[in-house]
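J.: Residues per chain, in single letters:
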Amino acid sequence: MNPRDWRLDIQPLRLRESQLFLVLSVIIGVLAGLAAVLFALAIDRGGHLFFGLDPSPLRLLLVTPLVSLVAGFLLVRVFPDARGSGIPQVKAAFHLHSGVILARTPIGKFLVGALTIGAGHSLGREGPSVQIGAGIASVVGRWFQLSPARVRSLVPVGAAGALSAAFNTPVAAVIFALEEIIGDLNAAVLGSTVIASVASVIVARSILGNEPLFTAPQYELVHPAELLAYAALGVVGGVLSLVFCKGLLWLRATFKRQPSRTRVFQPAIGGVVIGVLLILVPELLGVGYAQVDQALNGGLLIQTMALLCLLKIAATIVSYGSGNAGGIFAPTLYIGAMAGGTIGTIVAGIAPFDTGGPGAYALVGMGTLFAGIIRAPLTSVFMIFEITQDYQIIVPLMVANMLSFAISRRYQPEPIYHALMKQDGIPVPGSKPRVEPSA
Amino acid sequence: MAVVHRDITLLIGIAILTAIAFAGTQWVAASNREMHRDNAVQWFERAQRALDEGRTPDAVAALRRATAEDPERREYRLELASALAQEGVDAEARQILLALRERQPEDPDINLRLARLEVANELGITDTIRYYQIAIASLWSDEDLGTRRQVRIELIRLLLARGQRSRALSELLLLGVNLPDQPEVEVEIAELFLQAGDFPRALEGFTDALADEPESERGLAGAGEAAFELEDYASARRYLTEVSPDNARASRLRTVSALILDQDPLAARLGTAERRRRLVAIFEHATQNLEDCAIPGPGQAGETLRHLDPLRLEASEFAVQLQSASAVQRDAVEEGLDLVSRVQQAVTKTCGASAPLDEALARISRRHGLDSL
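Protein chains in written order, with numbering that gives the first Met the number 0: chain W, 0 to 438; chain R, 0 to 372.
These are calculated hints, taken from the structure and not from any lab test.
Please read all numbers here as calculations on a predicted model, not as lab measurements.
Note that CB positions come from ideal geometry on N, CA and C, so glycine has one too.
Hints are all accurate, no fakes.
Some chain W residues judged to face chain R by a derived CB distance under 7 Å, without partners named:
hint, residue
1, I26
2, A289
3, N296
Interface residues of chain R toward chain W, partial, derived using beta-carbon atoms under 7 Å:
hint, residue
4, D6
5, L9
6, T17
7, A20
8, Q25
9, V27
10, A28
11, N31
12, N38
13, A67
14, A90
15, E91
16, Q94
For reference, chain R alone in the conformation it holds in the complex (with noise of 0.2 Å):
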């Protein structure tokens, strides 16, 4: 032994110290990261506890202590951007949040809650569309069918509130696929179709509805609603008959349907009577909006309304033609509805209108191709 170098021997020898040192290090490293884990454990506890209680800032800190002690753990750090999202930290949920997406970019509930914090905080619909659209596209699983269908409803009701209505019509062609036969997701998804303008989809959806459960109310007003919008009017108000009457909407909806239904002077199988019954009707309630109008309010200079004045006069000379004649003919029926049409248009715009029969007017006047309002 005594021909090998003092230095090999030195080197063998302080290689196995530091084999040694690196074992014991390690040994160490791992203990102390059981130890944190621990405590972490016991921070995320109190943090639980004190959300259960309501006291978000103590929850915030205790979570802050958690994620410190263990950083891995994704659960603490996802609870704690929650907690700040609440206590309105939002900037530092977020960043919190984003940091994870950098090491899991499609995990499906870093992303919703990305998404809904960019929502709460009205911020790029783009980046918003993209986390949830990531969101739906891993929640594949059969067990993720509820939430994938939940998380595309609320996409499409951020679309349809941004006013992306062609996005949402997509979002919502894709969610009709493979539904559950429940009816209240029926009636959900009709109703989103109907906010989405797709007013045959919506009908369609509310009446398959109503096969399964003909009582539902938000069938049967979404129905009418539905049908009111496809200009079926005497179906709309069938649909929303049946409705409650603290429902104001449907209630709105039934009134303007069944003054359509009863005041339209061209209306299929009308006696000339008739006819002229209704054109009188709906002409003295628009003359009467016209005159009305053209009384200047307080501090309205009366020049303002001087463009009423050829309307005034034209109403006045049929208002003559129409006390003269018994019986109205088709034509003279359609010549008084297209006057009623255009000072109604006239007293709209100049004093707003917005009484049932004022709705349904514009509503006749548009059934009948007359200028809509």
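Chain W on its own, in the form it takes in the complex (with noise of 0.2 Å):
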């Protein structure tokens, strides 16, 4: 056979742009998918090492602070981009650097972010999973030469990839890449965000099993008259998100504002503070989905659920505030979680009509709190359908959400996460930039 024959039949075998887009979004899809399970399995793994089975208050107070320097010096030295929880990162990458994310941030940030979540600081995994699988999409994307403007369409696919297997969610990972990472709902990368989303979920499922992450109870609206009680829900949500948001831009500013040779021990100083209400309530360890379990099933007592809001919200503005490496996602489930039962034991105790119970409000907190802090109202309402897998719930959930949602964008105008860019530095982009056309 002719040698440049055999070359010709090889010709096929070179793939066009637009179809290798889309073979790479379910490759990133996997990756992602791979990547924040594994994050997430390390962070647990982390956490029985520095902890234990059982640990003692001196272990409590000094494992967190230690941890946190030496997380201080890596978020220093070796990886400044792994700092916080990684969405505003992922969407300065989208708009403003072409969706370049360098290797070593997804890399830092799921080392960092392992060391700081399971070193018991109040944090949650989701945001760097996000991170990282941008990271991860941005990175394979280079390497296979696509054009800058492919490069950055991959990064929401990636972000929606890793949020599908953290929470198990691959309807609310999609709608919160278009809604909060790119700002535009008819985004054209819909399509791959729908597959990396579900080639990530699929795999997170073979490997940790199809259960929800939490499990909750059907409810439903017991009473018409109910719905006020959600509503009150939603303005306490909606001024509960304000107090989080203030309170943590406020702190990080302070920490921010300090000479840049304490930023190494930065950290550790939020690490300190963590270290000892973890010897007063040593609930407050770690991500703390088992609490918000609990409280999901009516198992917490009004007292412990206010206890636990307040102290929440104490714990994640200083563990963020203070510069370590994680998410507000799950603190804001939690707050949520804990805010939404103890309005729900007052509500059962007051009203003069049958209610849903503690376990019902909880729930809708859950999505209340996402709606007023990180400010994704459409992600927040199916992210709680997906976590609980109830649909019962939807108008009280609706109503609760547009609340916190209002109130929340009312008296801090600027989200969450633009406060935070605009704290490093980063220009914040505009609600609709433009996405190039992909498979």
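Two chains, each in its own frame: build the complex with the hints.
T.: Structure follows, in structure tokens:
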């Protein structure tokens, strides 16, 4: 056979960029899913390593600041882009840097995030997972020498894939990528984000199983007048969102004003506060999904829920404000569940009609705080549906979400991720950036 | 190789990398699961120790950790539900059991625990019965026979307590199939028949048990009561005489039975003098009750007792008639007993009457087709 003919046969193996983009969406979905799962497992393993089965008070006091000291060094000297939740950085990469995220960023985020969250900081793993997923997408896109526009379009694809696996919420992950990262629900990358999200969640479920993140009973609106109680929860959620956002921004700004030589130690200062809080209330340790599950099942007392709600707000503000690596999704859901459970218990005690019980309010509270703090109301509705696999409580959820969202936007016009970007001196992107057409 | 496009090479490379990453992640996940299982075992052991030492709140906390570490382990969740129920946190205990039941709807243990929780909280009878019945239906192997019997007995007791006698009787009839030949089991079931109002089956059960164990206190008391309810007062007295005097109910039934046998003026094979003696005795008791009842109590208006006056008049006329006759005919005895019956009814309704003879008179009246009390 003539070697030239053989070469001609090989030609079809070359992939046109649009086809390659589609294939890469699947691969990035799988990789982002694997990274998110591995990140969760690393945090889990880290937590066990640091605290053991039943940590002593001394261990609770010392672990967080000591690990934060190491994390602070890494964040200042090795992985400067790994600080915080990661979502503002992903937005900045998408809107301002043509989708370029350096390879060391997802690696750093993985390492420092696992250390920080595993060491008991009141931070979540979902934001970092989004940054890791987006980082993988950006690196893979550049490996394949895609055009800058294509590399940029892969960033929300990776983000959706990672969030889909982190929360086991494929639909909410797609909506989040469009609503929050891109800022346009009609973006052309919709198809690719869906593909990546599905691929990612399949990977996550095949490894971790298909259990919902929380197991809650089927709740529903028991009495029409109960909508007023849910509206009250929306108002409370809006106020708590404001307290959280303003407190976090204030503390972060305060830390940022300090001399740059203190940057290495700032996460450890937050670690000391968290260590003290952990001795007093060990339930604040880590992500806290077990407590959320209890609140959803009506298994916590009103005093406990109220206390945990307030302390979680304080702990998350301290953990995040002091410059540690970790997200605010999970703490937001935690605070919302506790606030909702508290309101639900009060309503059940005073309402002259039957109510859905504290668990139903905890469920709605999760979405309410998410809408108020993250300012992604559509994502919050879908996320609650998918997290709990409960579609019965849509009307109360939407009422409370919208009220919380409106109050939060009225008194804190700038969304938290934009405010965080501003604090870092990053120009805030417009709400509807141009997105290149894709596969 | 140079002819193969770089993209393809990269794709193959990345696919291999992904496969390795997948296998590695699975290995880490399995390792983490193992770690959590070990942790769960340790928490569960702590919980068991806490339960043994009566420290239920500590046990609940440890069991929560155990279930958080190993959510798949049914045993931990069941134990947590039990500990929560002990602590009075019934809503959460119920929630856990319902969640378990969703996965294993026919698990007898889960259904039984749910049923018991519902009973403790006096919740809806329909669900409770369903849980019991599923538990009973699921306990089908030979080794489970004893447990199934006990669970059915629990259900019957619940039905009786909630006034569902006919359903209780249905379950009792099912219970009676393949019973072991053990006197204590026969007595237990006969007692349930007694409570359900099936006195013939109850008496049959008690007599069967007494055939094997003639000295059984419970058997004798039950047989006596069943015979009493069947108006076989001679048998009732015979059984109840054997029962210890400490048994207050048996003693009362024995007394009432004796009174019925000794005071019934219409009993068979009595001479006219004896009939008259009995009639006089019960008539005097009834009229004394009537006179006592007719006296207004403190703060009670006399008008409220006016309805007794016609009976008092009738009784005084009958007293004269009774005094004048040295022997009375059967018709007169029936007339007297009818009057006694009506007097007793009025007295019981107005003032209450609970002496053994009052109960005996009521039963004598019923025995002879007169209005029962």
